[in-house]
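Which chain is which? The protein sequence lines are P and Z, in order. Its first residue numbered 1, the first sequence is counted upward by one per residue in the numbering used here. Its first residue numbered 1, the second sequence is counted upward by one per residue in the numbering used here.
Simulated from the structure, these hints should not be mistaken for laboratory data. Check the hints yourself; a few may be wrong.
[As the list claims (entries may be wrong)] Here are some chain P residues the structure puts well away from chain Z; computed CB gaps all over 10 Å:
#1 Leu295
#2 Tyr297
#3 Gln412
[Unchecked claim] The list that follows gives simulated cross-link-like pairs (lysine-lysine, DSS-like), each with its CA atoms no further than 25 Å apart:
#4 Lys165/P with Lys81/Z
#5 Lys149/Z with Lys163/P
#6 Lys173/Z with Lys208/P
#7 Lys165/P with Lys149/Z
[Unchecked claim] What follows is a set of in silico ranges between Cβ atoms, one per label pair, in the way DEER data are often shown:
#8 Lys208/P with Asn90/Z: 52 to 62 Å
#9 Asn114/P with His171/Z: 51 to 61 Å
#10 Asp66/Z with Gly207/P: 18 to 28 Å
#11 Gly264/P with Asp94/Z: 26 to 36 Å
Don't be surprised by glycine CBs; every beta carbon is placed ideally from N, CA and C.
What follows is the residue order along each chain.
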Amino acid sequence: MRYLIILLTGIVLFASDATLEIVKSADARPSVTIQDSSDFADMRIRQKFFRLVLGDLKVTAHFKVDDTYRSGSFDSMIDPLMKEYDYLFRYRFKEGDGQTLYLDVRVYDIGSKNAIYERSYRVANRTRYPFLIHQAVIDFNDFLNMPSVDWMRRYVVFSQYSKPKSADIVVADYTLTYRKRIISGGLNIFPKWADRNQKGIYYTKLGKRPVLYYYNIYTGKQTKVVTSDGMLVCSDVSRDGKRLLLTMAPEGQPDIYRYNIETGVRERLTFYSGIDVSAQYSGSEKKIIFVSDRLGYPNIFIKKIGERAVRQLVYHGKNNNACSAHGKYVVYTSRESDNAFSANTFNLYLVSTQSDYIRRLTASGVNQFPKFSPDGESVMYIKHYASQSALGIIRLNYNEGFLFPLKGHKIQSIDW
Amino acid sequence: MKKSLLLATIIAALFMSGCSQKKPEVDMTKQESAQESTTAVTEADTGVSEVVGTEEVGDITTLPEDARMEKIKELEASTKKIYFDFDKYNIRPDQEANVDEDARIFTSDAAKDLTIKVEGNCDEWGTDEYNYALGLKRAKTVRDALALKGVDESRMVMVSYGESNPVCTEHTKECWAKNRRVEFELLP
């Protein structure tokens with residue numbers, strides 16, 4: 001009996017450690033099949049909508065989702081071929097006046113053949129169709145009392161290069177399907193959400209010298225926050241939005257500083273003559289995790305704010321040059337080849353500040369820009385593989401990953 | 001008083017009657033004056049073009065702003081780029097001669113009053129912040145080396161463009177090596 005208790009405790013402890021892979025023995029998730037009842041004649045548009053509905057349902061990781069594209073009338077009977085599934089997710093896109101777009105969703109319990117749920121959604125401009133789908137999937141997920149996927153409606157902000165020495169800042173949905181350029185003209189880089197409600201961003205404009213601006217995405221009002229020689233990046237914002245972690249380089253020396261936006265007081269946190277960058281708050285914001293080349297190559301380190309001592313956090317890889325932290329977890333990129341003459345492979349790894357386990361999250365290609373979701377349950381990243389690019393989402397607690405194809409410009413930096 | 005008024009009236013009457021009688025002559029006068037003014041303009045044009053010609057071969061300090069900028073750009077083009085190894089910011093031995101040459105240019109009479117923007121650049125393989133820091137460290141190493149060779153530190157400003165300013169966009173090793181560089185912009 002004592003052994004049994006120890007064994008069970010062990011399982012519970014391990015289960016709460018996301019660095020351990022979860023190996024599912026049986027898939028007990030409810031199964032869902034999708035049916036398109038839209039009015040659109042253009043099959044290309046219908047496929048676009050379908051792929052996003054399918055992607056959203058899969059990304060929840062709460063359902064076994066059927067990949068088959070099915071169409072049929074919104075009020076038709078349930079096709080007997082669907083009986084192997086638990087739910088039918090039937091949707092209909094309708095064009096409204098001007099640019100208005102409507103989405104009706106009706107979900108059937110296939111076992112009882114009853115419609116158990118029906119909702120309608122609307123957007124004033126059809127280019128925002130991804131948000132219709134995200135909201136519909138969030139509501140369906142909530143209706144079945146699954147863990148929240150509210151993060152799907154959050155924005156992603158990123159900077160993309162438009163030409164040499166020039167980059168624009170863009171706000172997008174989490175799949176980067178919908179995009180709106182908010183800042184252009186010059187080199188606008190390192191956008192970072194300024195608050196949890198995503199009202200504003202901090203970003204760096206690199207002119208004669210770098211300037212950090214605060215930009216309200218709803219009013220377009222912009223205010224200058226601070227300026228520094230050489231380099232200036234806002235790497236993280238405290239939960240209350242008042243204390244920024246900055247990389248600044250007075251005299252060309254990149255170090256980490258904490259900046260209080262209410263008092264304007266800046267405090268230097270690292271004192272190394274090489275490179276210290278990408279600071280993120282860890283735990284209860286009393287520690288920072290950052291990238292440093294103090295061992296002769298970029299790697300991930302941790303330190304308590306106010307103390308001189310620095311501890312190496314990652315004992316793996318010879319080139320770990322970017323990280324994202326959430327609570328006790330850190331996800332980092334590691335360059336698997338350590339010289340300029342071999343094929344470039346960058347993989348993502350997850351570590352905990354409280355254990356020695358390392359979990360590899362990707363297996364191939366160039367995987368960069370890892371960012372935790374605000375709830376820490378997912379990691380977003382950009383993948384380049386065989387001349388294709390994609391936005392990846394890894395659902396850590398479900399051991400599942402998804403890729404959304406990505407076209408267009410080279411991304412400089414991204415924040416979720 | 002009355003006499004002088006009368007005299008003036010007579011003179012005026014004579015003058016006016018005289019004018020009306022010589023109408024064609026008035027026309028002739030006008031033509032003559034028109035010819036005179038045309039000749040004067042032609043001469044002025046010739047004079048101005050000669051003056052401009054004189055200025056064009058004059059002292060550098062009196063050059064118009066764009067010609068001075070052209071001279072600065074020429075000087076800038078003669079500077080040597082400093083190349084770096086993958087993920088490194090120390091100056092390679094084979095780049096020392098380039099640093100010497102740049103120091104010579106920056107301390108020469110033609111450049112001694114100019115501000116030097118030292119720009120650090122990287123290949124596409126870093127991720128976001130680290131790459132910008134690496135570019136900056138490269139700029140700093142070069143600035144410090146130039147300062148040791150006599151270039152006034154206060155004339156130099158540093159900036160990092162990370163991977164945002166490639167000179168070569170092909171995905172080859174040779175191309176990446178060309179992008180890992182420090183280059184200079186000269187400012188008046």
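- Task: Enumerate the violated hints, using their earlier numbering and listing them in ascending order.
- Result: Violated: hints 2, 3, 5, 6, 7, 8 and 11.
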